[in-house]
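On the provided structure of chain L, position chains Z and P as indicated by the hints.
Chains as they are written, first to last, in the working numbering: chain L, 21 to 364; chain Z, 2 to 589; chain P, 49 to 389.
Warning: the hint list may mix true and false statements.
Capping the alpha-carbon separation at 25 Å, the derived lysine to aspartate or glutamate pairs in DMTMM-like fashion look like this [unchecked claim]:
#1 Lys-84/L with Glu-285/P
#2 Lys-115/L with Asp-248/L
#3 Lys-304/P with Asp-197/L
Stretch by stretch, here's where chain Z covers chain P in the computed footprint (C-beta under 8 Å, at least three residues) [as the list claims (entries may be wrong)]:
#4 88-97
#5 105-118
#6 228-241
#7 339-352
It should be emphasised that the hints constitute simulated quantities derived from the structure, not laboratory data. A quick note: this is a predicted structure, and the numbers were derived from the prediction, not measured. By construction, the Cβ of each residue, glycine as well, lies at the ideal position given by its N, Cα and C atoms.
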Amino acid sequence: MTESTAEHFLEVRDLHVHFPTDDGVVKSVDGLSFALEKGKTLGIVGESGSGKSVTSLSIMGLHKEGTARIDGEILLNGDNLVGASREHVRQLRGKNMAMIFQDPLSAMHPYYSIGNQIIEAYRIHHQVSKGVARKHAIDLLDRVGIPNPAHRVDDYPHQFSGGMRQRAMIAMALSCDPELLIADEPTTALDVTVQAQILDLIRDLQGEFNSAVIIITHDLGVVAELADDILVMYAGRCIEYGTADDIFREPQHPYTWGLLGSMPRLDRERSERLLPIKGTPPSLINVPPGCSFHPRCSFGHLNGGASETERPALRDVGNGHQIACHLSAADRLRLWDTEIKPKL
Amino acid sequence: MKHKRLIPAIAAGAAFVMVLSACGGSDDGNGDGSGGDNKTPAFNAGVGKVFNQSDAKGGIIKMADNGEPDSLDPADTYYGYMWDFARLYGRSLVMFKPAPGKASEELVPDLAEDLGEASDEGKTWTYKIRKGIKYEDGTEVKAADVKYGVLRTLDREAFPNGPEYFKQFLNLPEGYAGPYKSKGVDTSSAIETPDDYTVVFHLKTPFAGFDYLAMLPQTFPVPEAKDTGVNYRDHVISSGPYKFDKVEQGKQFTLVRNDQWDAKSDPNRPALPDGYEVTLNLAQSEIDNQLMSGDLHVHVTGTGVGSAAQSQVLADETSKENADNPTISRLWYTSINSNVAPFDNKDCRIAIEYATDRTSYQRAMGGELAGGDIATNLLPPAIPGYKKFDLYPAGQDNKGDLEKAKDHLKKCGKPDGFDMNIAYRNERDAEKAVAESLQQSLKRVGINLTLKGYAQGDYFSQFVGLPSFAKSNGLGLVVNGWGADWNDGFGYLSQIVDSRVIRETGGSSNVSVRDPKVDQMLDEAVAELDDAKREKLWSDIDRQVMDDAFILPGVVAKVLLYRGKGLTNVYVNEQFGYYDYVSLGLEQ
Amino acid sequence: MPPTVITYIVRRLFAAVVLLFIVSAITFSIFFLVPKIAGGTPESMASRYAGRAATEETVKLVADRLGFYDPVVVQYGNWVKGVFVGTQYDLGSTVADCPAPCLGYSFITRQPVWEDLLDRAPVTMSLAVGAAVLWLVAGVSIGVLSALKRGTVFDRATMGIALAGVSLPIFFTGLISLTFFTYTLGWTARGGQFTPFSENPGEWAYDLILPWITLAFLFSAQYARLTRAGMLETMNEDYIRTARAKGLREHRVVVKHGLRGALTPILTIFGLDVGLLLGGAILTETAFSLKGLGDYAVRAISGNDLPKVMGVVLFAAFFVVIANLVVDLLYAVVDPRVRKS
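Just chain L, with the same shape it has in the complex (with noise of 0.2 Å):
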């Protein structure tokens, strides 16, 4: 492993995850990179197949030996994780950093209770009986908010309630005090009301853990609530990077514009249709050259010719907002103001 220089807890670096197969090499990520301290919460955005998932997995280690090839650097508190032995990065899985999933209920093994895969997952990085782990469990479940935890510790996967279920996840996810938290689509699998208490509590546990937080999703009602800073993924690249504000406020991508068009708001008047991105994702193995977005892009035409062949780079527009369109700033603005803005 290769010490670098650690300005942040989790950093990032021209990340390039690459999966050959037999009908071509797939390129989930194409050169990605963000930092993110303490205690913060990023928000990855993106369709699926953009990429955003693949990062996490990446991030933790958990993609198949042998079947993703990983370029660029990985560093958590300085310490590279491509590259290093497996054994390393297994050492840091779930003490350092955890992870919980979209569907608490495939996620859990049905087999054994939840308080067994608590305990389990403390007692991977404690040294301590199993006594200690029990009651270990049941402080987290009660602090999760799940009623009557030392009854529930011994319930299976399938006698909680979906929300109850991804909050035992959650309490399984931080038993050792991990300073990095990847919620993968947390939420998808929940009802609306449940959703914000999910998302709650996940604010809450960072305030009182001061880890670091990403949340991954295709909802952008998700990380509205919760991210300090926001990253939307497409096609394997960061096309748009900024605060949460800025990317509310002042979106600059055509498709931050499409994601904030398609999303359904009660405060718009029912008769008004959805604006929905035009066309596909495109093929991970065959990125159209250029801009990966142009196929679908509405004001593709603007710009000469060159989102066709000339891939935009990610560039800073103020105060870490960053971009990676042909767009010119000025245009971007105006359209904003002038078509986007209003329809929302």
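Chains Z and P alone, transformed into the frame defined by chain L:
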């Protein structure tokens, strides 16, 4: 059969059902039976002479049975090998001389002092038993015990397996059903014991061959006080040189020396080994393997090695030296059933006789060594009166005379042949092979056979032997076989050529022979006192049945026996067709 | 045990008894009605048990003794009565007592069947249990390894051998191994040997090692394939990823999470296989001349000996039923989701 000391008597006759135990006639030309130095293993070293003669005592002979005896109770067994083996734990009034070759034809006294004395023109037979013979518990054998032993056999419900001769011949009270059911009935009209050492049998009709019945294990003495009925088989009280030690029915049994047996009273039994261990229900392949590896001495069932071992033994020169290949008194043949058209016409039957490829039949039965010699008539060579003849010569090569066959087909109105069914027993590969070989042979003259296999256990009771079934299923050809229990023309023939033994309710082995002339000749022979005349009659019956073409002879059976390692005094007792178990010993 | 479980078990056992009745009735009818349909009479049936040249009279006596003259229903009724209350057999000079459960006296050997069954059951049980342990351990381990090393030489080789194991008939492998290992090399015991465990555990194992391995070879092939398939499926489940995400060592992921998940179908089949084998491993027992229930069944059927057939069939049915019950209970132990019902 020559009986030296019998007083000729009149035997008038009802039809007796007398099935006698197998015997073998060795025609290997080495019939002298004396020692010489016959100690080097050689093929057939145990046929007609004693192999590895020795007086050494000791050792336990290990035997195995690929099935199990019908019963260890001497009243209830019909297996030839049991009649051979039972002589180790019991003594009958008389026995076959334990000697190789033709010498074994002679009956010699065993429990009795001498062969039976006939009187009243052969209706009464008297035996004096030796004094001082003791059972295993030290009590003395008395004449009453012999009487009791015989009377037990009359309870056909308790002991249904054994032969039924005594029921046939003895002058019993009406409805007598054995000592258990007919308690207290006076049976002196049949058997009397005027003193402790004399037994007198009274018969319904005169019978010259009564000594044969006195040879049966059914005359072993049984002490009435120790008779446990159906459970007697669990521990038969021994009057012979060995007694039962452990009996586990269906699994194994062991014999140890009977210390009460007095060698001086028993000139026939050398009693060399210290004991016997018999394992039951061992797979044939396992038995063959163990014989060849030396873990087993004797395959007591005596039916020869299994087909896998057969090819091995015959092919390997060293193994073959340990084998004996005696001919036994059994004929494998095919019945031609006249109840099924067109076999009601004699010419159609004769066509079958001519069209058969005899070499193929022999091959199907296992070839010359494992199957037997080609037969051209019904009586096996060992039966007295046997004369070789061939009414339907099958050409130089023995493959059949197709011209003559077609001739007879024309005569019976089927010039182009016909369709027919042939029955065989499913469990017997050889019989299926015979059916297939006949299928091939007869196809040459247009006779098309359809094979029909049936379960062995019900073959005679439900299928081929049930006349209505055979007829309605068109079973015109029936693969069959028959072995004499011991060598006598009557005992061999009556069950298979007497039309009166055919039962509508099924069960008879006679599937095809229905000739009143034959029935008459049988009655005549039974009544004939003159040995020479009687024996000629057997041969005449043979000729008549062959003339009727009711039977297609196949082969006279041979068995391939394997001599276990370390056995002494090994020879085939030709009355039984197995090794003589009384004489065997072990090298020390 | 919670009362619901007890009631469940009691209900199942009751159903088992009903099933055994049905099985016995069907066996009885097959035995008697099939020959009747083919035109058999009590005499023609009895002549099978009467000895080589029995007279008509003897055949009738045998038919009477065996009860063939009674209507089938009456015969069955007598038999059932005997099972519960026992019967007595009049031997003339003595009376034999056949205490409950009296499954009858063999038509041929006239020995009580129940004692034979009790005598032979340990042989079959020893054979079945020993082989079962072997094939479960071998089959599952190989299956797990093959699944983890999917596509490698190891995987292809073991699955190829597994195919051979399943395809080769057991009497073939049995006889070959006997000839080779016992009679050529002298390493293993001859056929027909059995020493009860209580007498000498060492001898017991020595006598059975070759039959165990032969039988296990046949089954472990099946279990290896089954485990491999099950593992391939479970290792793709989300909870495996979660287990790894917790930092669990890979071998524990495989065994505690992966294998545990794949266990249920294996358990079901195992229970059924052992249940069937306990009723008699016919081919193995025949090849090795072991005097177990399977060998007994073969002799009973080929000898057309109804009481023996009944005895063995009921024993076998009983084991299958119990095996099913145990499997169902184990299912609930292994998979908590099943417990609610």
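If you test the structure against every hint from before, which numbers come out violated?
When the structure is compared with the hints, none of them turns out to be violated.
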